[in-house]
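Visitor: In case you want the letters, here they are:
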Amino acid sequence: MRKKTKKESSQGSGWKNLAPRSSRKPASAAAFRKQLQTAGKLGLLSLCLATLVAGLWWFDKKIDSSVDPIEFTGLGAPVNEVIFQTDGVLSKRWFGNWFGPMRSRSLMQLDIMSIRNELEAEQQVKEVTVRREFPSTLVVEMKEKQPILVLRLRAKDNGVQDWMVAGDGSLYQGVGYPSSSLSLLPSLAIHPSLLRLNSDGEGYCKLEGIPRIAPLLNLARKDYPELYRDWRVVSYERPDQSDPGAHVLVRSGKVRSIRFAPRDYGAQMQRLKYLLRQPDFRMKSSIESVDLSHDRSVYAKI
Amino acid sequence: MSKIIGAVEIGTSQAKALVGEVGEDGSLNVVGMASRPNEGMRKGEIVDFRKAAAAVHAALEEAEKMSGTTVDSVYLAQTGAHLDGQMLRGSAFVASSDNRVAVDDLQRAESEAKRRQPETGRSYVHHVRTPIVLDEKVVEDPVGLIGKKIDVGYWSIDGDDQAIRSALHVISNYSLEVDDLILSSIASATMVAGPDLRRAGSLVIDLGAGVTDLVLYHQGYVAYTGVIPVGGDHVTGDLSMGLRILEPYAEKLKIEHGKASPDPSDDEEDVWIIGNKTIGDRSVSRKAISDVIHVRVVELFEIIRKELGSLLDANELKGGILLTGGGSQMPGIEQVAGKVLGLPVRKAGFPPGIEPELAQPENATVLGLLHYGLQDHSLPGQKKDQEQTGFLEKLAHTFGIG
Numbered sequence: 001m002r003k004k005t006k007k008e009s010s011q012g013s014g015w016k017n018l019a020p021r022s023s024r025k026p027a028s029a030a031a032f033r034k035q036l037q038t039a040g041k042l043g044l045l046s047l048c049l050a051t052l053v054a055g056l057w058w059f060d061k062k063i064d065s066s067v068d069p070i071e072f073t074g075l076g077a078p079v080n081e082v083i084f085q086t087d088g089v090l091s092k093r094w095f096g097n098w099f100g101p102m103r104s105r106s107l108m109q110l111d112i113m114s115i116r117n118e119l120e121a122e123q124q125v126k127e128v129t130v131r132r133e134f135p136s137t138l139v140v141e142m143k144e145k146q147p148i149l150v151l152r153l154r155a156k157d158n159g160v161q162d163w164m165v166a167g168d169g170s171l172y173q174g175v176g177y178p179s180s181s182l183s184l185l186p187s188l189a190i191h192p193s194l195l196r197l198n199s200d201g202e203g204y205c206k207l208e209g210i211p212r213i214a215p216l217l218n219l220a221r222k223d224y225p226e227l228y229r230d231w232r233v234v235s236y237e238r239p240d241q242s243d244p245g246a247h248v249l250v251r252s253g254k255v256r257s258i259r260f261a262p263r264d265y266g267a268q269m270q271r272l273k274y275l276l277r278q279p280d281f282r283m284k285s286s287i288e289s290v291d292l293s294h295d296r297s298v299y300a301k302i
Numbered sequence: 001m002s003k004i005i006g007a008v009e010i011g012t013s014q015a016k017a018l019v020g021e022v023g024e025d026g027s028l029n030v031v032g033m034a035s036r037p038n039e040g041m042r043k044g045e046i047v048d049f050r051k052a053a054a055a056v057h058a059a060l061e062e063a064e065k066m067s068g069t070t071v072d073s074v075y076l077a078q079t080g081a082h083l084d085g086q087m088l089r090g091s092a093f094v095a096s097s098d099n100r101v102a103v104d105d106l107q108r109a110e111s112e113a114k115r116r117q118p119e120t121g122r123s124y125v126h127h128v129r130t131p132i133v134l135d136e137k138v139v140e141d142p143v144g145l146i147g148k149k150i151d152v153g154y155w156s157i158d159g160d161d162q163a164i165r166s167a168l169h170v171i172s173n174y175s176l177e178v179d180d181l182i183l184s185s186i187a188s189a190t191m192v193a194g195p196d197l198r199r200a201g202s203l204v205i206d207l208g209a210g211v212t213d214l215v216l217y218h219q220g221y222v223a224y225t226g227v228i229p230v231g232g233d234h235v236t237g238d239l240s241m242g243l244r245i246l247e248p249y250a251e252k253l254k255i256e257h258g259k260a261s262p263d264p265s266d267d268e269e270d271v272w273i274i275g276n277k278t279i280g281d282r283s284v285s286r287k288a289i290s291d292v293i294h295v296r297v298v299e300l301f302e303i304i305r306k307e308l309g310s311l312l313d314a315n316e317l318k319g320g321i322l323l324t325g326g327g328s329q330m331p332g333i334e335q336v337a338g339k340v341l342g343l344p345v346r347k348a349g350f351p352p353g354i355e356p357e358l359a360q361p362e363n364a365t366v367l368g369l370l371h372y373g374l375q376d377h378s379l380p381g382q383k384k385d386q387e388q389t390g391f392l393e394k395l396a397h398t399f400g401i402g
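In order, the protein sequences belong to chains A and B. Under my numbering, the residue at position 210 of the first sequence is numbered 210, and the numbers go up by one with no gaps. Under my numbering, the residue at position 313 of the second sequence is numbered 313, and the numbers go up by one with no gaps.
Don't take each hint at face value.
Across the chosen pairs, the derived CB separations fall in these ranges [said to hold, decoys possible]:
no.	chain 1	residue 1	chain 2	residue 2	range
1	A	L36	B	G121	33 to 43 Å
2	A	C48	B	E24	52 to 62 Å
3	B	R42	A	L52	23 to 33 Å
4	A	L36	B	D135	58 to 68 Å
5	A	K25	B	G121	18 to 28 Å
6	A	P20	B	D135	38 to 48 Å
7	A	L36	B	R100	51 to 61 Å
8	B	R100	A	A50	56 to 66 Å
9	B	E119	A	K25	26 to 36 Å
10	A	V53	B	G121	45 to 55 Å
As a list, the in silico EDC-like pairs of lysine to aspartate or glutamate whose alpha-carbon atoms are at most 20 Å apart [claimed, not checked]:
no.	chain 1	residue 1	chain 2	residue 2
11	A	K16	B	D179
12	A	K16	B	D72
13	A	K16	B	D161
14	A	K16	B	D160
15	A	K16	B	E247
16	A	K25	B	D48
17	A	K254	A	D200
18	A	K126	A	D168
19	A	K41	B	D72
20	A	K16	B	E177
In silico negatives: residues of chain A with every beta carbon more than 10 Å from chain B [to be verified]:
no.	residue
21	K25
22	I63
23	S106
24	R116
25	R212
26	R282
27	V298
Honestly, the hints are just simulated from the structure, not real lab data. Cβ atoms here follow ideal geometry from the backbone N, Cα and C, with glycine treated the same way.
Take the sequences, apply the hints, and build the full model.
Guide: Below, the structure is given as C-alpha cells:
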C-alpha cells in the first residue's frame, strides 16, 4: 500500500468533480458523426418547434381575421340580444323585420356567413360584418350606400317611383330615408336608353356615368352647400374625360343650366361661386346659363 | 416504458461497448454489443488518447447501430495500477431519545466515513459499502431498530486524477455522460459470483490483457480489491522475448498452443510459428511455450498471494477462487493458481439466461457493469438517484439529444 498524506474534509472528493464540462472537438470519426447526429436532431427539434410556433401563430391570426368564429362550443344559449350598427338610415327594427323572429334560436345555430351574404344582397347595403359575442349576443355592423341623386320613373300603375342613385351608379329603392333629406337631393335626368333592366327584371343595371359625376355632387354638398341646395336636376352626356364633348348639366333654381366638364370640379365650382357673387349675377333672380366646361373661360348668359 | 442504458469497458486489448434495454419489470436485455482493438492503452491506463478514443467510439457507434437506438449515458469500468483501496469507517450515536435508529443517523455515519479525502491529485472512484454494525452486531437494515451506536464502513477506491480524467474525456468526447464509475473487478464479480458465493466468501480474479483485477468478498461484502499490473500482454511479451519472435506471432502461439503449466506429453511436439511453413517460418517446441508462460503465471499468482496475505483464509473463502477474464481461458491456469494460492480455484461460469455468444469470460466486466449499475447500492432508507422526469428531459430523450 502506498503511503498517503490524508487530509480531513466534510465531503469526500469524488470523480464527478473531474468530469469534463464539454468536449467540443471530436477525437474520432465516430465522435464527429455522433456530434453531427446530435446537431441534426437539435436542428430538427428546433425546426419542429418553429413550425409548431408558426402554426399556432397562423391559427391565432386566422381566428382573429375570420368573420366566422370557429365553433368550438355546442349549441350554446339562445340569442337574447342583437346589436345593430349602421352608418345609414336602416334601423334595428328593419333588421328585425328582415331577419324574422329570433326566439329559440341559439347563437351557434345561426349561419352568420349566410346572414352576411343575404344582407349584402340587399340593394341598399354596401358591406356587412356579422359576429357572435358569447354567450348570447349577435352583432351586425353595416355600411349603407349613400344616395346622391334621385331618379323618378313612371311606374306601371301610372304612378311614380323614386329610385335612389348611389355614388357607384347603382339604383335602388331606398328604405327609411326621411322625406326631408330626399327633398334636398337633385333629380337625375337621363336618356331612357341608358337605363337597362337587370337580368332578373327586378331592378336596373348600374349607370356607368354616375361615378364620374359623383365627385361633383359630393364636392358641392360638402363645400358649396348654398349652391348645392339650389340644384334641381342633373344630367350628363358621355361624361368621359377623353371625350371633348362630354359634360355634366345641372339645372338649378337660379341658373337654369350650368355646364361642367367632367374633370377638375374644384376649379369649376370656385369659378361658379366667384361668378355668382359678381354684382351683375347677384342682382339677377334668374340666369339663363353658365358654361364652365371650357377650361379657364366661363361663358354665361344672363 | 423501457429504458436504454450503456456500459463501456476501456480494456488494454479491447474496447467494449454494450447497450441494454431495461424493461418495466426490471429485466435487462442486451440489445447491442461491440468491441474494437484498443491500441491506446498500456497496463489499464490510457497512453494515447486519440487511439483509445477511436476504439471506444467505434465500439459505441457499432453497439448503438446494432441496437437501433442511442444511449445518453454509460456506466464506465475503471481499472489500472493507479487505483488503490482502503477501508473508511464512520460511526454515529443514535440521536432519538428512544434510541430508535433513523435514516439521519445512518447518513451521519456515512458522512463521517466519507469525510476523509484522498491525497492531492487523487479522487475517489468507487465507494463500496460494507456491513452496517449496530452496537457491534451486523444488521441489514438498522432503521427502526433500537440501539446506541451505528457504524458504517466503505471500501473506497481512489485513483489518479489524470488517469480518471482521461477515461471520462474519452466518453464525453462522444457526447455521452458517465452515470457511474465502477471498478472492473467488482463488475466482473457481479456477473460471475452470485450472492450465495459472495456470502460464502470468494475471491474473483479477472485476468485481463494489461492488468489483473481482483476482488475478495467476505460475508457478501467487498473486503478487498486490487489491481496487479500484470496481464496477458506480459505473457505475450515473455514469449516474444523468450522465443525471439514478433509479438503478433507470440500472441498467436499463446492463444492457440499456450498452456499455463508444462505438459509432459508436449515434450516431443513442435509447432510452427507463422504456420504456413514459408521462408522465415520455423518451429518451436510446445514445451518451450508452456515453460515461458508457466513462469509468468506463477509469478502473477505469487504477487496475488503476497498482496492478499492473511485474507487468503480457507475458512473465510468457502466460495473458493474464481478465474475470469480473457486469460482464464488458458488451459491449466486454474491448477497453477490453486497450487500457488493454496485454495481450490475454478473457472467462473455465467448465470443461466445469458446467450452463449455473450457468456464469454472476456465479457464478464462489461456485462457486470450493467447489472451492478442497475442495482441499488444506497443506504437503507435512501432512494437511488431519481431519473429526470421533466418535460424537457423527456423531450430531449425522445429526440436522443438528452
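Visitor: Now tell me, hint by hint, if it's right for this structure.
Guide: Each hint, compared with the structure:
| no. | hint | in the structure |
| --- | --- | --- |
| 1 | A:L36 to B:G121: 33 to 43 Å | holds (36 Å) |
| 2 | A:C48 to B:E24: 52 to 62 Å | violated (28 Å) |
| 3 | B:R42 to A:L52: 23 to 33 Å | violated (52 Å) |
| 4 | A:L36 to B:D135: 58 to 68 Å | holds (60 Å) |
| 5 | A:K25 to B:G121: 18 to 28 Å | holds (26 Å) |
| 6 | A:P20 to B:D135: 38 to 48 Å | holds (45 Å) |
| 7 | A:L36 to B:R100: 51 to 61 Å | holds (58 Å) |
| 8 | B:R100 to A:A50: 56 to 66 Å | holds (58 Å) |
| 9 | B:E119 to A:K25: 26 to 36 Å | holds (32 Å) |
| 10 | A:V53 to B:G121: 45 to 55 Å | holds (50 Å) |
| 11 | A:K16 to B:D179 | holds (10 Å) |
| 12 | A:K16 to B:D72 | holds (17 Å) |
| 13 | A:K16 to B:D161 | holds (11 Å) |
| 14 | A:K16 to B:D160 | holds (13 Å) |
| 15 | A:K16 to B:E247 | violated (38 Å) |
| 16 | A:K25 to B:D48 | holds (16 Å) |
| 17 | A:K254 to A:D200 | violated (41 Å) |
| 18 | A:K126 to A:D168 | holds (11 Å) |
| 19 | A:K41 to B:D72 | holds (13 Å) |
| 20 | A:K16 to B:E177 | holds (11 Å) |
| 21 | K25 | violated (8 Å) |
| 22 | I63 | holds (26 Å) |
| 23 | S106 | holds (39 Å) |
| 24 | R116 | holds (43 Å) |
| 25 | R212 | holds (65 Å) |
| 26 | R282 | holds (86 Å) |
| 27 | V298 | holds (82 Å) |
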